[in-house]
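**Student:** Chains as they are written, first to last, in this note's numbering: chain H, 1 to 268; chain E, 1 to 260; chain Y, 1 to 269.
These aren't lab readings, by the way, just hints derived from the structure by calculation.
Residues from chain Y that face chain H, not an exhaustive set, calculated with beta carbons under 10 angstroms:
| hint | residue |
| --- | --- |
| 1 | Tyr24 |
| 2 | Pro83 |
| 3 | Leu176 |
So the derived label-pair ranges between C-beta atoms look like this:
| hint | chain 1 | residue 1 | chain 2 | residue 2 | range |
| --- | --- | --- | --- | --- | --- |
| 4 | Y | Gly134 | H | Val32 | 19 to 29 angstroms |
| 5 | E | Gly257 | H | Ala253 | 50 to 60 angstroms |
| 6 | Y | Val76 | E | Arg204 | 50 to 60 angstroms |
| 7 | H | Ala26 | Y | Ala17 | 48 to 58 angstroms |
Source: prediction; values computed, not measured. Glycine is no exception: its CB is placed at the ideal position from the N, C-alpha and C atoms.
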Amino acid sequence: MASPWERFFAAMARTLAVVVMLAPLAVACILVTAALAGAQRPDPLRFVSSLGAQMLATVAIGSLGAAFGVTAGIGTAFFTRELGAGRIGRAIDMAAVGLSAFPAVVLGWFGATIVLPEVLGRTSASIFFAACIVVTLAVLPRAYALGALALGAITPALREAATAAGASAGRVSAHVLIPAVRAPLRGIYADGLTRAVGEAAGVSIVFLAAARSGYPVSLFTIAGSLVGHAQTMQVTDAGIAQAALVVLLLALAAQRIGARSGGIQWAR
Amino acid sequence: MNVQPAGHVVETKLEATALHVWLGERHALKGANISVTAGKTVSLIGAAGSGKTALLRAFNRLHDLNPQARLQGSVKIDGAEILGRGIDVAALRRRVSMIFNAPSVLPTSLFDNVAFGLRAKGIRDRVLIAEKVERALRRVLLWEIASPILDRPPDRLTTEQLQRMCLARALALDPDVLLLDDPTASLDPLAAMAFEEMLVPLRRDHTVLVATNNLEQAARLSDSTCYLASGEIIESGETPLVFSRPADARTEDFLAGRTS
Amino acid sequence: MGTVTSAPLDTFRPRDAIVTALAYASGAATAAAFVALATAVVALGWADLRYAFSGPVQLGTGLTYSLLVVAVALPVTMAIGIPAAACASEPIVGTQIRVALLASLRWSLGLPPVVIGVAAFFVAMTFVRSAGIGAGIAALIVLNLSNATARFAQAYASVPAAAREAAAAAGASPVLIFFSIVQRRAVWAVSAATLTIAAQMIGETSAVLAASGARSAQAPLPLQIWQYASDAGMAPSEASSCIVLVLSVAACLSLARVCRGRHRSSMAS
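Next up, chain H with everything else stripped away, as it sits in the complex:
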């Protein structure tokens, strides 16, 4: 029979596994409780009163960021793994891996300091596009890593069979590899959308910087304004919890799509 120490470890492991399972549920319960209770007060960013508009901005920025970021990430994976061998391929691989070392807040700083004033100019649309660029940069390295993983999982025999039939690397990619990784690719897009919707730090920097610099700001993303709100509010506000629940639901919906697509490992 197992020793007392082994029985203790097994019992402790199971208890901690339950803790891990309950943690996200506890978060959801706290938000639901807070959304139903607490004082409802408008805040300087007016996100409670314009939740619909913010939801639109969240989905639009998230979708565009995910579409561009994931496409670029997967395309880069095809380039480095299938088409662009040699030094250039290795250099671009290093660039894509290097991008993952830039935290969201640095990307937001880049968007607010470089992209917004220097590149796009002082219009309402420029804030939107700067936010999209920030989300694109945030999503790209992860999509690259997942794309490379999906391509790496394909058996070399498949490539060899297609190449032996006279196909070029481009043709193998277009007609053999893309169909082979279709399910993971769908999963990577859904994953990108999940992350893009919840992306807060980078996007909030862009919007707050724009607001403080006197840009015409009409929209915020929900996640971004939640972070901005935290800086200004001293007391709990039911609107924050309601907005957080909306972000949670959007992320879960995107995740559900990804889970249905299957084929990728979900890790933050």
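Got chain H sorted already, so can you dock chains E and Y onto it with the hints?
**Tutor:** Only chains E and Y this time, still in chain H's reference frame:
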């Protein structure tokens, strides 16, 4: 199906009755009945996927490691049921040791590889462990090669020597039963022959159940042979009889290399 | 029954060209993005790097707080995540909980950090009437529990089943197998996972921002960058902070990469 001729009073070591094994959706073993006499060597032959390994793993409950595996029926050792709850599975596996089709080297020194089961059993006496390790390595004819490198990882050994080391790990526990899952599958013909020769004297001290794809090996090693196909035991009996006069046409086809 | 009225269009070549062009364009865009980011950060921040440690941004303090946050959050996350991962990767340890845990991990890995940060903010405001860095650390732990468990479980799952079976066949108990075989063989993979989580914690902002209210002057590095990001005059000092933050994250990720390589070679041998 009993591998013993009817009428003989024998000590049954292993017994499976109406044993079904499901591995996920696959019904790997379909109502197998087999009993193995103590001290005898029984070969399990059959095509890949016929259920040989599924049957072997039922005798030391290695299916427990696979969450998708489901067993139904009865498996007894020395007349005691082993499939139920409350069985000390670790102790069972020390009595019913197993080696696999490829050497499974643990991430430690050669000595610790062989001593692993002894330590898992709770033995702390270093002298006793050293004695048992030496004895086990001598029984698998590896002591001369292994003794200078006992404290190093066994990465210098050949595949056949590694497989002997795995067998030594099993023998160090003085098991009643040895389960050999195609033990020469990863060896070249000469190494396989050497390994097989080393197995011959061990048969005297243990009940051996060997799954093999090598028909000649089955004929040479075993007292009885059991032919499986598609998860069913088709025929079993004394090895010379099964090989020379198979009762079932499917066995005959398999032995002749014909697809039935 | 339909009839074929014309030969199907040859879509073979256009698709080749589109995929190839897209892959090349993506590669170029990725390289351009990296160069633009790195150039912007280095060009603006390099000169101010020395000054930033003593200036108003208090880079040294920010870095210290960043490391402090990780020093508290990472061990707690590991202490919970590693036994939980044993449940996820070892069926006999996890028993019936394993299936539920795996399902829970699949669902909870995509939780937006800001959502967890807001929940921590509410709890802090309700019970201690103020949000602060402590709430941020708590949010970081909750945020990374599923992530860490999944990463550790993945590391343990990379140990071949044959090693577990060999140990089990020698009579080892599930817990002994976990500690003497799985942990030992997965040590590099676990190190890689730990370093990756540390990198995420260093760079993670949303959860800490939302939970702490982002008001503290003595705040982790990402939080400081966030606070001053909209001040154009602070751009060079901000860039210096970005250099230090990116280098810290990159160091962790590079070490993680080395560990992953070691794990792969140890698995291959």
